[in-house]
Amino acid sequence: MASAENPTSAEYIKHHLTNLTYGQHPDGSWGFAHSAEEAAEMGFWTVHVDSMVWSIGLGVIFLALFRRAASRATAGVPAGLQNFVEIIVEFIDDTTESIFHHKNDLIAPLALTIFVWVFLMNLMDLVPVDWVPELAKLFGIHYMKIVPSTDPNITMAMALSVFALILYYSIKCKGVGGFLAELSFHPFPSKLLVPVNFVLEFVTLIAKPLSLGLRLFGNLYAGEMIFVLIALMFSAGIVFAMAGGVFQFVWAAFHLIVITLQAFVFAVLTIVYLAQAHDTDEH
Amino acid sequence: MNIGLTLFAQSLVFLIFVAFCMKYIWPVLKSAMAERQQAIAQGLVAAEEAERKLGEAESGAEEERAKARAEAAQIIEQARQQANQMIEDAKGSARAEGARLLEAAQAEIDQEVNRARESLRRQVAALALTGAERVLEESIDPSRHERMLERLAAEL
Numbered sequence: 001m002a003s004a005e006n007p008t009s010a011e012y013i014k015h016h017l018t019n020l021t022y023g024q025h026p027d028g029s030w031g032f033a034h035s036a037e038e039a040a041e042m043g044f045w046t047v048h049v050d051s052m053v054w055s056i057g058l059g060v061i062f063l064a065l066f067r068r069a070a071s072r073a074t075a076g077v078p079a080g081l082q083n084f085v086e087i088i089v090e091f092i093d094d095t096t097e098s099i100f101h102h103k104n105d106l107i108a109p110l111a112l113t114i115f116v117w118v119f120l121m122n123l124m125d126l127v128p129v130d131w132v133p134e135l136a137k138l139f140g141i142h143y144m145k146i147v148p149s150t151d152p153n154i155t156m157a158m159a160l161s162v163f164a165l166i167l168y169y170s171i172k173c174k175g176v177g178g179f180l181a182e183l184s185f186h187p188f189p190s191k192l193l194v195p196v197n198f199v200l201e202f203v204t205l206i207a208k209p210l211s212l213g214l215r216l217f218g219n220l221y222a223g224e225m226i227f228v229l230i231a232l233m234f235s236a237g238i239v240f241a242m243a244g245g246v247f248q249f250v251w252a253a254f255h256l257i258v259i260t261l262q263a264f265v266f267a268v269l270t271i272v273y274l275a276q277a278h279d280t281d282e283h
Numbered sequence: 001m002n003i004g005l006t007l008f009a010q011s012l013v014f015l016i017f018v019a020f021c022m023k024y025i026w027p028v029l030k031s032a033m034a035e036r037q038q039a040i041a042q043g044l045v046a047a048e049e050a051e052r053k054l055g056e057a058e059s060g061a062e063e064e065r066a067k068a069r070a071e072a073a074q075i076i077e078q079a080r081q082q083a084n085q086m087i088e089d090a091k092g093s094a095r096a097e098g099a100r101l102l103e104a105a106q107a108e109i110d111q112e113v114n115r116a117r118e119s120l121r122r123q124v125a126a127l128a129l130t131g132a133e134r135v136l137e138e139s140i141d142p143s144r145h146e147r148m149l150e151r152l153a154a155e156l
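Residue numbers (this note's numbering), protein chains in the order written: chain A, 1 to 283; chain B, 1 to 156.
For the record, the hints were derived by calculation from the structure and aren't laboratory data.
Even for Gly, the Cβ is constructed at its ideal location relative to N, Cα and C.
Where hints are given, some of them may not hold.
To be verified - Ranges between beta-carbon positions, derived for each pair:
hint	chain 1	residue 1	chain 2	residue 2	range
1	B	Gln37	A	Tyr168	28 to 34 Å
2	A	Ile88	B	Ala57	42 to 48 Å
3	A	Arg215	B	Phe8	53 to 59 Å
4	B	Gln37	A	Ala164	33 to 39 Å
5	B	Glu48	A	Gly177	50 to 56 Å
6	B	Ala41	A	Gly175	39 to 45 Å
7	A	Pro189	B	Gln37	57 to 63 Å
8	B	Ala57	A	Asp94	52 to 58 Å
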């Protein structure tokens with residue numbers, strides 16, 4: 001990085017939006033990309049190390065916390081951590097029961113995992129944008145995006161996993177024929193309109209994972225971008241810096257709602273889509 | 001922002017996390033919560049039952065108390081009547097005893113008076129005789145004047 005010491009605004013933003021990418025260089029050697037362009041040249045065979053480390057780390061925190069509560073759970077008077085965990089479990093359980101009326105032991109734990117994990121990943125957005133990257137720089141790591149849900153790889157991975165479950169349960173509950181029939185005879189129950197129906201329904205089907213993954217990515221990416229822009233104000237004189245401080249606070253407070261809502265929306269839509277996949281009766 | 005291998009790595013991680021949650025977290029917490037719910041429900045039922053029993057016992061006790069109060073009142077009333085009766089009896093017997101004693105005393109007095117009168121009469125007769133002897137300066141033969149003396153004594 002030629003301008004690492006004193007980057008322009010564009011470089012600063014670009015730096016904040018680049019993942020720590022590990023992959024194969026065009027010359028055949030494996031290693032970290034040293035710029036966004038280099039990362040782009042690596043093509044498909046790349047791993048965003050920062051996204052993976054942070055998301056796995058947060059996921060492990062979630063599982064460890066809940067596993068700890070579960071292993072100590074008693075039918076007696078709950079206290080502390082168990083209360084907290086049980087409130088979330090009860091909340092997800094109520095939500096699942098109100099939407100999903102079939103018998104499937106996967107749905108509620110799936111929704112719980114999505115809700116808490118996505119929330120934790122989103123929560124990283126509230127850490128001031130420069131703290132962790134600057135810390136990483138001290139250790140010689142030049143790129144560090146700590147909000148995994150601003151990486152479309154992460155959000156789409158979850159959305160496509162949910163999509164795979166939608167396809168699996170659609171075929172399991174309705175059979176291949178039933179599933180194709182649903183795609184072919186909706187919304188117009190006429191044999192003449194099968195191609196039209198199929199196109200419409202196929203788009204609807206594809207829209208599910210896309211909307212799921214891209215909604216989360218879009219919201220968090222935009223939120224992160226605003227935080228980066230506010231951070232830019234800090235280096236633009238005392239007046240801008242103070243205004244930036246106010247903006248930072250207001251946006252963080254607002255974002256607190258956004259990240260919770262996005263985690264909830266992802267979980268609820270997952271339940272809704274899987275409920276639709278289980279619905280065998282014609283409406 | 002490139003789509004890459006991260007997508008698949010993350011999918012795998014996601015599925016592992018969900019599986020872990022499904023196997024080791026959700027059922028454990030749910031069963032503990034269900035168990036507690038059941039315990040609380042049982043506790044509430046037991047409390048209701050206990051309350052019902054308490055109410056029953058209280059009304060029973062109240063009944064017992066009322067019965068005891070009535071019985072006590074009855075006993076007191078009986079005792080009062082008995083006491084009155086005893087006082088009346090005592091009064092009657094005292095009155096009778098008094099009358100009897102009075103009568104006996106009266107009889108004794110009468111007897112005493114008669115006796116006194118008799119002795120007085122005898123003394124007066126003797127005195128009269130003595131007086132008469134003095135007057136006549138001679139002895140009076142009591143056997144000759146016995147009739148007269150008796151008539152005199154009877155006049156006294």
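Comparing the hints with the structure gives:
| no. | hint | in the structure |
| --- | --- | --- |
| 1 | B:Gln37 to A:Tyr168: 28 to 34 Å | holds (32 Å) |
| 2 | A:Ile88 to B:Ala57: 42 to 48 Å | holds (45 Å) |
| 3 | A:Arg215 to B:Phe8: 53 to 59 Å | violated (21 Å) |
| 4 | B:Gln37 to A:Ala164: 33 to 39 Å | holds (35 Å) |
| 5 | B:Glu48 to A:Gly177: 50 to 56 Å | holds (55 Å) |
| 6 | B:Ala41 to A:Gly175: 39 to 45 Å | holds (41 Å) |
| 7 | A:Pro189 to B:Gln37: 57 to 63 Å | violated (45 Å) |
| 8 | B:Ala57 to A:Asp94: 52 to 58 Å | violated (41 Å) |
Hint compliance for this structure: hints 3, 7, 8 are not met, and every other hint is.
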